[in-house]
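K.L.:
Those protein sequences? They're chains A and B, same order as listed.
Residues 1 to 263 in UniProt numbering are what the first sequence lists, from first letter to last.
Residues 1 to 200 in UniProt numbering are what the second sequence lists, from first letter to last.
Fair warning: there could be bad hints in the mix.
[What the hints assert, rightly or not] Quick list of the computed label-pair ranges, beta carbon to beta carbon:
1. G206/A - A197/B: 45 to 55 Å
2. P99/B - H57/A: 40 to 50 Å
3. L95/A - V138/B: 53 to 63 Å
4. R109/B - A30/A: 20 to 30 Å
5. T179/A - G23/B: 18 to 28 Å
6. R199/B - R180/A: 53 to 63 Å
7. R147/A - G163/B: 41 to 51 Å
8. R55/B - G232/A: 44 to 54 Å
9. T179/A - D160/B: 52 to 62 Å
10. G207/A - M116/B: 39 to 49 Å
11. V138/B - V73/A: 16 to 26 Å
12. T179/A - K20/B: 13 to 23 Å
13. T73/B - D59/A: 30 to 40 Å
14. E233/A - M116/B: 29 to 39 Å
Hints were generated in silico from the structure; no laboratory data involved.
All residues carry an ideal CB built from backbone N, CA and C; glycine is no exception.
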Amino acid sequence: MTVRARVIPCLDVANGRVVKGVNFVELRDAGDPVEQARAYDAAGADELCFLDITASHEDRGTILDVVRRTAAVCFMPLTVGGGVRTADDARALLLAGADKVAVNSAAVSRPEVVADIAERFGSQCCVASIDARRVDGGWEVFTHGGRRPTGIDAVAHALRLAELGAGELLVTSMDRDGTRGGYDLDLIRAIADRTTVPVVASGGVGGLDDLVAGIRDGHASAVLAASIFHFGEASIADAHAALAAAGIPVRRPVTAQEPRWTR
Amino acid sequence: MLALIDYGAGNLYSVANALKAAGCDDLIVTADPDAVARADRIVLPGVGAFGACARALRSIDGMVDALDRRVRTEAAPFLGVCVGMQLMADAGEEMGTHPGLGWIAGRVRKLEPGSMDAKVPHMGWNDVIPTGEHPLIVPGEAYFLHSYAFDGADVIATTDHAGPVTAAIGRDNMLGVQFHPEKSQSYGLAILERFLAWRS
């Protein structure tokens, strides 16, 4: 088999607490990102993504502490995004235990930040995150949670960031985000078909079929979702089973792995 | 005592955490060649570019000599992870050609995107396929995250990314894994657990 399609749950974290997260019944504190991360680790998530939506840049220490505590108990890759402006911001997250760092707004105003991070820490840890909306004849990059237009073509921007050294592109449709209407497959495919780096589909998942479509029709290497996991509508195992049923390579179920370490 | 070499590699703490979870209760994170000389086992982590990692390791006075003596002459069990495994090779061809430790004959070369299904970086879970019997490396799935791969002797496991790609190398008391055991959940922790008991 070849490299597996990845299923990535995403948690929004503000001031060290999960804002939009899973209501796992067994959690003592559903607002603690470390507990949620541990639950996803046990459930066999392929990776985890923390999006730090803390409003103030002064409070960066909080997310570093969350990352440090998560890395101590979770043995899967962790991507952290939100508020990363410089290579030094990235370094602080990597030293705290993040495996990859996602850059968004800073790469719009200064795309070279992607090259800075890739040169210092390697392309493998540099994720370029792009928020896009449909406009006439294509897609436009938006910043600030999809509120601020930039006039920049999203596909060209994504390809440029890959050329500058991004090792992965996280592509979010702001038209679809929160709608549960499925990924913007045309957007995902327009980028995935024109780059040799992996693309993560994001924004709009309403069900397991959307995950399948993201890989099969969007040509993404990984699928990111929030609410279907958060509200307990689907488990990581359900997601893997749906992808496998569509003929997409995924990991074996957790129960088939090393018994000593299966919790 | 297990020495985890600190030469500025980014994944140091993840590797330390995973070793502790696998049962290591006597671990030091160190840049001191004297500590390496006394260590029962040695782990060399690494992420990022081969040249930068090789330079950083050499910049620690006496470290390469201490590693050579403890691992190659005195046969202390050694584990290299990702770029730490690549450093066991003769040379790496990432942003120029840089000498490695020269423990295992071979070179580290860029992965070429084989097709749109085999993107680079090779990122995600993939098979570990042993080429023979090895006490530490068993078939399973592990997390890979790399754009360069080892090509040479003493390959003990491969993976498939538009063709075979080296997943592990080793000889005698030396083991190197391209994948990240510290990020490979139960499969990876079990390898670390076996490493802690290896040859003792």
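K.L.:
Does each hint hold? Answer for all of them.
P.N.:
Going through the hints against the structure:
Between G206/A and A197/B the C-beta distance comes to about 48 Å, which sits within the given range of 45 to 55 Å. Taking the beta carbon of each, P99/B and H57/A are about 42 Å apart, inside 40 to 50 Å as hinted. A beta carbon spacing of about 32 Å between L95/A and V138/B contradicts the range 53 to 63 Å that was offered as a hint. For R109/B paired with A30/A, a C-beta distance near 47 Å fails the hint of 20 to 30 Å.
Remark: the range hint 18 to 28 Å for T179/A to G23/B is contradicted by a beta-carbon distance near 47 Å. Distance hint check: the CB atoms of R199/B and R180/A are about 54 Å apart, consistent with the given range 53 to 63 Å. Taking the beta carbon of each, R147/A and G163/B are about 45 Å apart, inside 41 to 51 Å as hinted. Range check, R55/B to G232/A: Cβ separation about 49 Å, and the 44 to 54 Å hint holds.
Distance hint check for T179/A and D160/B: the Cβ-Cβ separation is about 37 Å, which falls outside the suggested range of 52 to 62 Å. Here the CB-CB span from G207/A to M116/B is close to 26 Å, at odds with the stated 39 to 49 Å. Remark: the range hint 16 to 26 Å for V138/B to V73/A is upheld by a beta-carbon distance near 25 Å. Under the hint 13 to 23 Å, the C-beta atoms of T179/A and K20/B, about 43 Å apart, miss the expected range.
Between T73/B and D59/A the CB atoms are about 51 Å apart, so this pair departs from the stated range of 30 to 40 Å. For E233/A and M116/B, the hinted distance range of 29 to 39 Å is satisfied, since their beta carbons lie about 31 Å from each other.
The structure is inconsistent with the numbered hints 3, 4, 5, 9, 10, 12, 13, although it conforms to all the rest.
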